[in-house]
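Novice: Assemble chain H onto chain U, guided by the hints.
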Amino acid sequence: MASIDIDHVAVKAVTVRPKTRRRISPGLWFVLPCVLFTLTFFILPLILTAWMSLHNWPLLGKTSFIGLDNYIALTKDAQFWTALGFTTLYTVIITPVIFGLAFVLALLVNLPLRGIGFFRTAFFLPVVIGLGTSSLLWVWMLNDRVGIIDGVLMALGIVREPIIWLGDANTALFVIIVSVVWKVVGFTMVLLLAGIQAIPSDLYEQAMVDGANFLTRFTRIILPLLRRTIALALVLSVIGSFLAFDQFYIMTRGGPRNSTISVVYWIFNNGFNAFKMGYASALSIVLLVILVALSAFQLFVLRDDTTQ
Amino acid sequence: MTTKSLNNPRKNGRILGQTSAYVLCLIFAFLFLAPIIWSVITSFKPAAEALAAPPTGLPSRISLDNYLKLDRYGAGIAQYVFNSVVVAFITVIGSVLLSTLGGFGFARFNFRGKNPLFLLILSSLMIPFQSILTPLFVILTGIHLQNTLFGLALVYITFQLPFGVFVMRNTFAAIPREIEEAALLDGCTVLTLLWRVMIVLARPGIVTVGLYAFLNSWNEFLAALIFMSKEDRFTLPILLANVHSGRFGTVDWGALQAGVTITIVPCIVVFVLLQRYYIQGLTSGSVK
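Protein sequences appear in the order of chains U and H.
Position 296 of the first sequence, counted from 1, bears residue number 296 in this note's numbering, the numbering being contiguous throughout.
Position 288 of the second sequence, counted from 1, bears residue number 288 in this note's numbering, the numbering being contiguous throughout.
Some hints here could point you the wrong way.
Here are the in silico distance ranges between beta carbons for each label pair [said to hold, decoys possible]:
| no. | chain 1 | residue 1 | chain 2 | residue 2 | range |
| --- | --- | --- | --- | --- | --- |
| 1 | H | Leu31 | U | Phe65 | 50 to 56 Å |
| 2 | U | Gly100 | H | Arg14 | 22 to 28 Å |
| 3 | U | Ile66 | H | Phe82 | 41 to 47 Å |
| 4 | H | Phe111 | U | Ala169 | 53 to 59 Å |
| 5 | H | Gly57 | U | Gln197 | 39 to 45 Å |
| 6 | U | Gly117 | H | Asn110 | 38 to 44 Å |
| 7 | U | Val97 | H | Asn242 | 26 to 32 Å |
| 8 | U | Leu215 | H | Ile143 | 54 to 60 Å |
| 9 | H | Ile27 | U | Val209 | 29 to 35 Å |
Calculated directly from the structure, the hints in this document are not laboratory data.
Beta carbons are placed, not taken as given, at the ideal position from N, Cα and C, and that holds for glycine.
With the rest of the complex left out, here is chain U:
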C-alpha cells in the first residue's frame, strides 16, 4: 500500500511540474508579428515625432537640435491658429448635422417596411467609396461650367448665373460640409441603428401602451439607452472631422485665400511641401495632444452615470 502511494505521488509530481521559466509560450509567437508591426509603424514613429519636433529637420541636409524653438514659432504662426479655428468651426458645424440626419435615417431604416434593406444599403453606399474619390465627384458636380448642380439650378430658373460654390469662403465651407455629410452619414446611421436595435422591444412597447408619444419615447427611452453608442459614434465623428484633409486638398486646395486650410493640411504643407519636417512634427504633437484631450473630454462627459 505504501509503495503504491509513493508511485502515485511521484506520477502526480511529474505531470504537475510547472513549465520552466525559459520556455516561451506559443501564444507569444502568434502575437509577435502584430506587436512588431505596431512597434515599428506606430510606437516608434510616435517617439520619433517628439524627437523630430525638437530639431530643425530638412529633407536633405543636416538636422540640428533646436530645443523648443519649433513650439515657440508655433505660437506665433498665424496660419496655424487660423487653421485650428477653422477646423474647430468645421467640426462644430458638421457634427450635429451628421448626427441629426443619422438619427432620422436610422429611425427610418428601423421601420418594419418591406424592402427597407435596400434603402439601408443605398444610404450607406457613399461610405465605401473613399473620401478622396467622393471629393473628386463633388468638385465636378459643383463646377460652375460643367457641374450638374448649377446646370439644374439654371435650367429650373432658380438662378440666372452659375454660382461659383468653391470661390467664396462661406459657400465653399457649406458645400464641402454637404459633400462630406453625404459621404459619412451612413456610417453613423449604422452605428446608431445597431444601438437602437439592441434596445429591448418590451421597454418600447410598454411606453407605447402607456400612451407616450414619439418625442417622449425618443428622449426618455432611446436617447438614454443609446448613451454608449452615441459616445462611440461621437468620438469617432469628431476625431474624423478634426483630422479632415482630403476634401480640403482636393476641392479647394485650402482656398479661397487660405480660408479652408485644416490643421492636417497645414502639417502636410509644412512637412511635405516646404519640407520643414521638424516644424511639422511639432505641429503633429500639438494635434495629438488636442485629439487625446478632446476624446478624453467627450468620453468623460458621456460616461455612463449608473446613478440614473
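Specialist: Frame of chain U, contents of chain H only:
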C-alpha cells in the same frame, strides 16, 4: 370586409404613415445614389458631351471616349490600376495574416504580458496616423521602402491591425473550446489546429478584416499622396487628384469621371456582396 377596412381610420393612418415613410426613403435614396449614378453615366458619354458646359442630360450614345482619354495620362490607366491592386492585395493578405495569428494568440493562450501587449495594439487606435506622418516618411526612407508599393502596404497593414486583432480575437474567443480540445486529442499540432479547424470556423471574422483592409487601402489618400512621389507609382486616387489639379494639362472632366467610376466600382461590388460582414464588423465594435 373591404368597405370596413377602407373606413378604418387606424388602418388608413398606418397606410398613410407607411406611404410617407416610403416616399421619404425614396427621396433620400435618390440623394445618396444620384451623384454616383450621374458620375457613371457621364463617364460613358461621348467626349464632347461629357465636357459640355452647361451639362447635357443623358448620353446620346454609349461611348468609351473618356476611358480612352484617361489612358493617355501618365503611364496609362493600367499601371495605376495595377498599383492600387497590388497595394490592396498586400494589405489584405498581410492584415488577415497578422490579425488572425494575433487574434488567435490573444484568445487562446495565456502568457506574461498578454494584457499589456493587447492594450498596446489597441491603443494605436488612439494615435491618428496624421500625427505621425513625418517620422513614417523618415522611417520608410531609412529602410528604403519610400516610394514603393510594398512600403505603403506595410503602413496600411499597421493601420488595420487594431481593428483586425480585435475582431479576430473576439471571433476565436467565441469558438467553443470543445472543438479545439477534440482536435488536439485527435493528435493535431497547434499549427494544424489553426490551419484546418479554426480558420474555417473563423471565416466570417477573416472576411470582415479582409474587407475593411481592402476598402481602406484602395481608397486611402493622404499617405499615398505623401509616400508616392514617383508618378508611375501613384495609386488611383492620387492619379485622379493629379488629373483634377491640372498636372497633366487642362482638366478633362469626362476622363476624371471615368477614373472615378473605375475607382468606385470595385468598392461597391465588394460591399454589396459582403455587406453583412461589413455591418457585422461595425456593430461588433460598437456593442461591446
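Novice: With reference to the structure, classify each hint as holding or not holding.
Specialist: Okay, the hints, checked on the actual structure:
{"no.": "1", "hint": "Leu31(H) <-> Phe65(U): 50 to 56 Å", "verdict": "holds, 54 Å"}
{"no.": "2", "hint": "Gly100(U) <-> Arg14(H): 22 to 28 Å", "verdict": "holds, 26 Å"}
{"no.": "3", "hint": "Ile66(U) <-> Phe82(H): 41 to 47 Å", "verdict": "holds, 43 Å"}
{"no.": "4", "hint": "Phe111(H) <-> Ala169(U): 53 to 59 Å", "verdict": "holds, 56 Å"}
{"no.": "5", "hint": "Gly57(H) <-> Gln197(U): 39 to 45 Å", "verdict": "holds, 41 Å"}
{"no.": "6", "hint": "Gly117(U) <-> Asn110(H): 38 to 44 Å", "verdict": "holds, 42 Å"}
{"no.": "7", "hint": "Val97(U) <-> Asn242(H): 26 to 32 Å", "verdict": "holds, 31 Å"}
{"no.": "8", "hint": "Leu215(U) <-> Ile143(H): 54 to 60 Å", "verdict": "holds, 59 Å"}
{"no.": "9", "hint": "Ile27(H) <-> Val209(U): 29 to 35 Å", "verdict": "holds, 32 Å"}
In this structure, every one of the numbered hints holds.
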